[in-house]
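Those protein sequence lines, which keep their order, are chains P and V.
To convert, count from 1 in the first sequence and add 383; that's the working numbering.
To convert, count from 1 in the second sequence and add 12; that's the working numbering.
You may find that some hints are simply not true.
[Stated by the list, open to error] Some chain V residues close to chain P (C-beta under 7 Å, calculated; not the full set):
1. L15
2. R16
3. D123
[Unchecked claim] Estimated spans, in silico, between C-beta atoms of each pair:
4. R149/V to D396/P: 26 to 34 Å
5. A402/P to P129/V: 29 to 37 Å
6. E425/P to D127/V: 15 to 23 Å
7. D396/P to E112/V: 15 to 23 Å
8. E425/P to E175/V: 41 to 49 Å
9. A410/P to K171/V: 23 to 31 Å
10. T89/V to Y391/P: 41 to 49 Å
11. P429/P to D90/V: 14 to 22 Å
12. D396/P to T89/V: 41 to 49 Å
13. A449/P to S185/V: 24 to 32 Å
14. K171/V to Q441/P: 43 to 51 Å
15. S446/P to E52/V: 23 to 31 Å
These are computed hints drawn from the structure, not numbers from a lab.
None of these values were measured; they are calculated from a predicted model.
Glycine residues also receive a C-beta, built at the ideal position from the N, C-alpha and C atoms.
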Amino acid sequence: MEKPQSRYPDISDILALKASGRRQLAALSFAEKLSILDALKERVKPIVQARNARRQRQAQRLSARA
Amino acid sequence: MSLRKTIEVVNKLAERGAIQRYAIAGAVAALNYIEPTLTEDLDILVSIAHFEKHQSGLLLLTPIAKALADLGYSERTDVGFMIDEWPVQFLPVASALEEEALEGAIELDIDITGDPPLKARVLGAEYIVAIAVKLGRLKDLARVQAFLDARAVDLVALKSVVERHDLMTKWLSFCAKAGIENPL
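The task is simple: from the sequences and hints, build the whole structure.
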């Protein structure tokens, strides 16, 4: 029996929209982009804090074993 | 927390003579040309004339650390000096490529409505790309790809920098990894 052929959607319009979004972001002024970086950093703050805490715990475990 | 404030403090270091020639490098410099990408720190390329040299040959950041402490910033972490919650790495020029990049850095006016105007020195696009090719980590190569996609780098100028600093082999390796024909 022949395996049914998968059909995948055409996502070229989604990719084109993403590319257009990147171009719009690239066209912003340096000052606007600095503000975006501040906002991005704020958004990932909890993740960075959790990562740092995990690293600290790992380091403590290693030093306790030594 | 604001990168603008952090850059203001870097400018104050220059005004006080703690650093002389400097330029923003890395992801924040790339902002001037391509879309923003997340970064955790601000890289500042600085001429080695500003560093104290230890007897061992190590470069010390003492004058920068002293000037920052005078300005109220004394916290230092593994990722750099903390200035307004942004870690700042002061990177001494470590190659002829970086020396040339620093020499040719461009001055930007950062205007945010309601704030006094601020100037900042930023590396040129061809140097950001050449340094990324030289470093060759995956995140650097992604940055090179972003510059090419956005047509944000003058290919003639880039070719000249790549040839002058013996980076053609690394450049061709990047093209192979990216699966593109050499555009230079």
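So, going through the hints one by one against the coordinates:
Against a cut-off of 7 Å between C-beta atoms, the interface hint on L15/V holds, since the closest Cβ of chain P lies about 4 Å away. Evaluation of the R16/V hint against chain P yields a held restraint, the C-beta minimum of about 6 Å falling below 7 Å. Annotation: D123/V was flagged as interfacial toward chain P, and the flag holds, the nearest CB pair being 6 Å apart, inside 7 Å. At roughly 33 Å, the beta-carbon separation of R149/V and D396/P lies within the given 26 to 34 Å, and the hint holds.
Hint check: A402/P to P129/V, Cβ distance near 33 Å, so the stated range 29 to 37 Å holds. E425/P and D127/V have their C-beta atoms about 19 Å apart, which keeps the hinted 15 to 23 Å range intact. For the hinted restraint 15 to 23 Å between D396/P and E112/V, the CB-CB distance of approximately 43 Å leaves it violated. A C-beta distance of roughly 42 Å is found between E425/P and E175/V, which places it inside the suggested range of 41 to 49 Å.
Range check, A410/P to K171/V: about 26 Å between beta-carbon atoms, so the 23 to 31 Å window is met. Remark: the range hint 41 to 49 Å for T89/V to Y391/P is upheld by a beta-carbon distance near 47 Å. At about 20 Å, the CB distance of P429/P to D90/V agrees with the hint of 14 to 22 Å. One distance hint, 41 to 49 Å for the beta-carbon pair D396/P and T89/V, holds here, with the actual separation near 45 Å.
Taking the beta carbon of each, A449/P and S185/V are about 40 Å apart, not inside 24 to 32 Å as hinted. The given range of 43 to 51 Å is respected by K171/V and Q441/P, whose C-beta atoms sit roughly 45 Å from each other. Against the hinted window of 23 to 31 Å, the Cβ-Cβ separation of S446/P and E52/V comes to about 25 Å, which satisfies the hint.
Of the hints listed earlier, those the structure fails to meet are numbers 7, 13, in rising order.
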